[in-house]
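Residue numbers (my numbering), protein chains in the order written: chain P, 6 to 444; chain C, 6 to 444; chain Z, 6 to 444.
One should not assume that every hint holds.
Chain copies aren't distinguished; within one or between two, either way the pair holds.
[Unchecked claim] SDA-like mimics (lysine to any residue), calculated; alpha carbons at most 20 Å apart, straight line:
1) K273 - D127
2) K273 - D414
3) K246 - D369
4) K273 - G408
5) K85 - D56
6) K273 - C366
7) K273 - T86
8) K49 - Y330
9) K221 - W71
10) K85 - E245
11) K286 - G89
12) K219 - D163
13) K273 - Y330
14) K286 - T64
15) K273 - D407
16) K273 - F179
17) K273 - M397
18) K246 - D407
19) K85 - T184
20) K49 - R135
Calculated directly from the structure, the hints in this document are not laboratory data.
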Amino acid sequence: MVRQDDADMTGADEQPAIDLYRFVSELFPINRSLTGAGVRETLKAVARHCDLSVHEVATGTPVLDWEVPREWNISSGTIKTLDGRCLVDFAENNLHVLGYSRPIHEVISRSELAQHVHTLPDQPDLIPYRTGYYADDWGFCLRHDLWQTMNDESYRVDIDSEIGPGSMTYGEFFVPGATNEEVLLSCHVCHPSLANDNLSGISIMTALAMRQSKRKRRLGYRFLFLPATIGAITWLARNEKATDRIKHGLVLTCLGDSGPFHYKQSRKGDVIDRAVAHVLKHEGHAHEIMPFNPYGYDERQFCSPGFDLPVGCLMRGVHGTFPEYHTSADNLDFVRPEALEQSYRSLAKLLDVLDGARTYCRVDGRGEPQLGRRGLYRAIAGQREAGGATQMDLLWFLNLADGHHSLLDMAIRADVPFARLQSAARLALDAALVREITS
Amino acid sequence: MVRQDDADMTGADEQPAIDLYRFVSELFPINRSLTGAGVRETLKAVARHCDLSVHEVATGTPVLDWEVPREWNISSGTIKTLDGRCLVDFAENNLHVLGYSRPIHEVISRSELAQHVHTLPDQPDLIPYRTGYYADDWGFCLRHDLWQTMNDESYRVDIDSEIGPGSMTYGEFFVPGATNEEVLLSCHVCHPSLANDNLSGISIMTALAMRQSKRKRRLGYRFLFLPATIGAITWLARNEKATDRIKHGLVLTCLGDSGPFHYKQSRKGDVIDRAVAHVLKHEGHAHEIMPFNPYGYDERQFCSPGFDLPVGCLMRGVHGTFPEYHTSADNLDFVRPEALEQSYRSLAKLLDVLDGARTYCRVDGRGEPQLGRRGLYRAIAGQREAGGATQMDLLWFLNLADGHHSLLDMAIRADVPFARLQSAARLALDAALVREITS
Amino acid sequence: MVRQDDADMTGADEQPAIDLYRFVSELFPINRSLTGAGVRETLKAVARHCDLSVHEVATGTPVLDWEVPREWNISSGTIKTLDGRCLVDFAENNLHVLGYSRPIHEVISRSELAQHVHTLPDQPDLIPYRTGYYADDWGFCLRHDLWQTMNDESYRVDIDSEIGPGSMTYGEFFVPGATNEEVLLSCHVCHPSLANDNLSGISIMTALAMRQSKRKRRLGYRFLFLPATIGAITWLARNEKATDRIKHGLVLTCLGDSGPFHYKQSRKGDVIDRAVAHVLKHEGHAHEIMPFNPYGYDERQFCSPGFDLPVGCLMRGVHGTFPEYHTSADNLDFVRPEALEQSYRSLAKLLDVLDGARTYCRVDGRGEPQLGRRGLYRAIAGQREAGGATQMDLLWFLNLADGHHSLLDMAIRADVPFARLQSAARLALDAALVREITS
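Looking at chain P on its own, in the form it has when it is part of the complex (with noise of 0.2 Å):
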């Protein structure tokens, strides 16, 4: 059995280890896309927080279905007049470059490069984000406004870039815990200059990897930085065998905006949904509950059948339906410091909610054991004013501790926040009225 030290438990108003909005700020310039140097050098920031293990899988190499993609670089981008002025830079902002842009070196018509620009009408002082990793393509993306403007006949565009065989490079750092169950975590670290659809998951995640290995633990934790898709896709083929210890999981994304949560469920139905929707309803935030679908991000390969495990996706803002989404809008000024921090504290008091959903069985017969001449009622008085189990909880708690409910069910039945009914459990624990049942 294994026991938490008191202040392990007391759950997750404590500061994440890092300045979450200023590592987004640091990750912010960096070039990322599917592979290159830019994902390198995201993992080395992440490196420096925590002992996390990077791993190159060479282009080629098949993966389930697929197959690892050729590996892209970048040292610049630019479209200018004949006359020699710079209109649009990569070194500016890298989203002008359409990624996996191919090299180009040419004089060309503005319809020829209009083939090749993306500009978003409606939201004209925006730069698109777009990529075309499996076409071979180049392109660039600008405001609409400019592109409006630019009406020589020719320009000269400049893209110095390599495609070739390389590796893709993904991140995984893994927390073991006293059994062989695994929470997985998961956030993208393939897009570009995007602070919220990007790099709000790694920030939290980084601090959250920090944070559960300096706790005692239950359950191993694995946190997976992965270009999207094709990365989990690879995770999964190298990882097969050991999906079965993975009974949580959830993919981190769109954190560090002001808006309410949505939790997406996972396909399955499992104890991830009920987890989440406790913690989202008892720290009293804004919250909705979606229902699984085959889109969105890699909750979709961590669900796909075959594998189908228990992986729901925490957001706030829900891609595709906020205006800044993939575009040069999702900037350090979208992203805000107190919404990161929230949403880290939501999702450290999940892992503590995860990790404290032990099963307990009594140990002292049948009926209602008597709390009295243990001191239980004069302990449950002493707890009131740290917020702790009131007599009630406690009630609950060693009704329900008959091996057959998780804390987590206790606290659902019971319609309270868990930490209070993981305070009964600890009064009824040190009474020696319980026994863990360890599964």
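Once you've looked at the hints, dock chains C and Z against the given chain P.
Just chains C and Z now, kept in the frame of chain P:
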């Protein structure tokens, strides 16, 4: 594995092979009852359109708890004044004589006649429909208005009928499928000139029988044209062992009026209930789902203990709740050609859903398959103009193609019309991403 | 197969065998506590109406996690002014002395007395009810109004009581049934002059015990008159092996006030919950269904882990929520004869439902039986005047008599009063259409 041609899978916007309303009109004048010449004539008309087997079961044959009744035939029935004026004439409307009336040729007092006269005081201009199958009785059904004017002391009543040993007649048409699994469709053929409550079902079922016999089929289709109650009981008694092949069933009645659809669920709750609800919802028809009860049409026999088959009942107007029910107003004005055709089309779509509710399993390993290299994004774009699958439909299909979800389960979870998931299935089959699971 | 007489099945409109209110009045003056003479006197009064077994369990006997407490008896208790004026007298109202007060004979200062005085500042004209079962204490319960006027420097306090080895007393009455299955009914007998919270349960349960012993019974009925908590624990400890016979159970309390019924569900969710909800609904009584929680009356013992019996709790007023609760206002004015009788009748009907919830199976083969040739249409018409089964009730019965539905299941699905399906069952039994399934 059975594959349908594309043409077979595009749904049911086609016209019925017969003019439904004309067929109702053709059958309307015939005097039907539980037994007798009228049923035979009706089934002969049906047999002109499909290869119907007509069964004769001798009077007195024991069938479960019942026995086949004596045969009734009638050639005329009148009430006349003593000076020979004909007031009520079976030849004018076959509702005028109580079903199974024994012969009578007498002059009787008005007060004695009153014991044998049925009217509708609240609908004084309508003739009621009444029968006395198992009573040894005779009677007349009249407009209450007329009865009010009949103040003579005596009247002459004549009924030329025969009740005696003979047989009961029912029709059966079976279209075999590629598997042993069957869909049972049933309507009643024992009501005289009632258009909605009888003929709408006969007409639509005839057209459906013609339709199904011309299509590639996974399932077999069994069409039963039965005298109500005793016909169903007789069929069950003679086919007891075959009933475990029936995977879905539907009783059809009152499908020619212009009201909303009503679907009464099966006793056990089964795929048929979900399929009908899905089709009615996505067809956009006003409809109401009603729980099973042990009254109504022959679903009460099919859902009786011992059998408990998955059989529901589809109606527009519900027996006993519309003013025309079991009166002379349930006539060729009450039934509308458009309503008949709409009912037919919804049922055709339903049969396509039942037949197409196959189960698939991914053959390409785990995770999400790569759509791009198989040209599936392009294929979807091509379909979109034809109302085919969207990318999301294809993702739902591939996500749920785990051998545990039928196409109907998928369509319900995705909440999109069945045909779109069927299109997605076809794309995935063509790309060799899935194979069908045969049960 | 056990058949009840018709007279036994017609429900529960009968009068209770004793005057419920008079019995409450008779028991009201007695001073009850967990142990002692008052409990014995109360059980002796109950035993005049049924063959009650009275059990004495010695102080110190270990029972599960508890032990039987010392016995407490009291003969007098007063607070007097030093000049001999009696201000507070146990002889006037037995609530005046804290339960389990130790003896005291002293003159003490007002300020010291204040440590031992309990009042209700918000209900200044009422005496509170308080106990100190397991504390070694003494005390008085007073009207706050009176306490406010007591400004002398010192008072003389006298309590003539004894606490010491002795025994705890409880009563049990068992009426065997035709089967081994039992219904447990329980009330508490440990409160002094409180009419609703104690005596209403004792009075109604006595009448129910008399009623059940005079009826033919499928089930056995076990009536427990218990000191709360320790009585239930003691009974459970001494009857551990017999508890698996208990198929339904109910704790009765606060059934004499005029408020709506409240039913608290069992922990496990079982037939008792459906039966009570069915009866309260079809009796047309205002009522509320409350989910289980581990607080309240002895249902918390019966539903504790290890036992987890199917026991709910029926109340009108809910403990702790009505202003008279645990005060001198819970008296003979608060309890109403009509309310007691209505509660009795609903419970009598409930017991008839539990006893009558037999399971039947059709013996006449499959399909719907022919009602006409068995005279069942005529039989139903005859019953209708007596509020018996309708034709629809009989069809429901015959449809669900498949060996898998109890009569209660049928009544709930048909949504009609239980007695009507019971009448239908009797018709079908008389017609030899069904046989009872004995478990």
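Legend entry - Up to 20 Å CA-CA - W71 versus K221, copy category: neither (38 Å within a copy, 36 Å between copies)
Inset, instruction - Using 20 Å as the alpha carbon limit, work out where K85 and E245 are close: within a copy, between copies, both or neither. - result: neither (49 Å within a copy, 84 Å between copies)
Legend entry - Alpha-carbon proximity context of K286 and T64, limit 20 Å: Result: close neither inside a copy nor across copies, 45 Å intra and 48 Å inter.
Inset, instruction - Up to 20 Å between alpha-carbons, please classify K286 paired with G89: within, between, both or neither. - result: Neither. Shortest intra-copy (58 Å) and inter-copy (62 Å) distances fail the 20 Å Cα cut-off.
Inset, instruction - Pop the pair K273 and M397 into one bin, within, between, both or neither, using alpha-carbon distances up to 20 Å. - result: Between. Shortest inter-copy distance 19 Å satisfies the 20 Å Cα cut-off; intra-copy 33 Å does not.
Inset, instruction - State whether the alpha carbon distance between K273 and Y330 is at most 20 Å within one copy, between copies, both, or neither. - result: Result: close neither inside a copy nor across copies, 28 Å intra and 48 Å inter.
Legend entry - Same-copy or cross-copy closeness of K49 to R135 [CA-CA at most 20 Å]: neither (25 Å within a copy, 68 Å between copies)
Inset, instruction - Please work out whether the CA atoms of K85 and T184 approach to 20 Å or closer within one copy, between two copies, in both situations, or in neither? - result: neither (60 Å within a copy, 68 Å between copies)
Legend entry - Identical-chain pair category, K219 with D163, by Cα at 20 Å: Intra 49 Å, inter 63 Å, cutoff 20 Å: neither.
Inset, instruction - Go through the copies and call it for K273 and D414: within, between, both or neither, with a Cα cutoff of 20 Å. - result: For K273 and D414, the Cα distance is within 20 Å both inside one copy (18 Å) and across copies (14 Å).
Legend entry - Alpha-carbon proximity between K273 and D407, which holds within one copy, between copies, both or neither at 20 Å: between (26 Å within a copy, 12 Å between copies)
Legend entry - Up to 20 Å CA-CA - D56 versus K85, copy category: neither (44 Å within a copy, 78 Å between copies)
Taken one by one, the earlier hints fail for this structure at numbers 1, 5, 7, 8, 9, 10, 11, 12, 13, 14, 16, 19, 20, listed in ascending order.
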